[in-house]
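Per my numbering, the sequence shown starts with residue 19, numbered consecutively.
Each hint can be trusted.
Result set (EDC-like, lysine to aspartate or glutamate): computed pairs, CA atoms no more than 16 Å apart in a straight line:
{"#": "1", "residue 1": "K211", "residue 2": "D47"}
{"#": "2", "residue 1": "K211", "residue 2": "E221"}
{"#": "3", "residue 1": "K211", "residue 2": "D48"}
Have a look at the derived ranges for each label pair, beta carbon to beta carbon:
{"#": "4", "residue 1": "A161", "residue 2": "E24", "range": "36 to 42 Å"}
{"#": "5", "residue 1": "A220", "residue 2": "L97", "range": "32 to 38 Å"}
{"#": "6", "residue 1": "D48", "residue 2": "G177", "range": "38 to 44 Å"}
Worth flagging that the hints you see were computed from the coordinates, not collected in a lab. All values derive from a computational prediction rather than experimental measurement. Idealized CB from N, CA, C, for every residue including glycine.
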Amino acid sequence: MADTGEPSAEERVTARLGALRLIPVVAIDDARHAGALADALVEGGLPCAEITFRTAAATDAIGRMAGRGGILVGAGTVLSVAQAERAVAAGAAFVVSPGLDPEIVTWCRDRGVPVYPGVATASELMRAASLGLGVVKLFPAAALGGLAMLKALAAPFPGMRFIPTGGIDPTNLAAWLAHPAVLACGGSWMVEKGLIAAGNFAEIARRVREAMARAR
19 MADTGEPSAE ERVTARLGAL RLIPVVAIDD ARHAGALADA LVEGGLPCAE
69 ITFRTAAATD AIGRMAGRGG ILVGAGTVLS VAQAERAVAA GAAFVVSPGL
119 DPEIVTWCRD RGVPVYPGVA TASELMRAAS LGLGVVKLFP AAALGGLAML
169 KALAAPFPGM RFIPTGGIDP TNLAAWLAHP AVLACGGSWM VEKGLIAAGN
219 FAEIARRVRE AMARAR
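All chains should be modelled from the sequences, with the hints used to inform the complete structure.
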């Protein structure tokens, strides 16, 4: 394919996530809440969401949120190519998986879909690099050893960027984001399942605003 000089989808999405610095990781039980959740995220200054395949409502929620416009919607906890297919067909702009599955990575990259698989070891990082990836998810970030682990893994891979997820909260967000290898952080405290189920979108917007202030 000829080089048009235009940034690829991966470059555009990665740049957007890097500018936002924060990815709300969402588990939603009722897709009817997706529109109001998107409104709350946008109101809070964070027009982005990773809708995880931890609930049966994920595909529908991705479709509803992506259809709203004005928000970058990805699919998380993607465990198979079949889930990746459903997510992308519903409108997901990127795919995140908890581990490194070469089949998912290859399927996404063959179709120009940005994909950020999870890694926890140097061996997985080497595999990710061999697959042509420049950004990976570090998961579960806190349980793996926190910032000390990130620093140890990042040192031999100077070109790799990370999205730490798992154990990120308001008390440690700024420290994670201060590391130059961190593109953005994933977190769920802003969009807790209980708040979504209760329809407390004002509190979600408040938490998002507070998180964005910390991120900046």
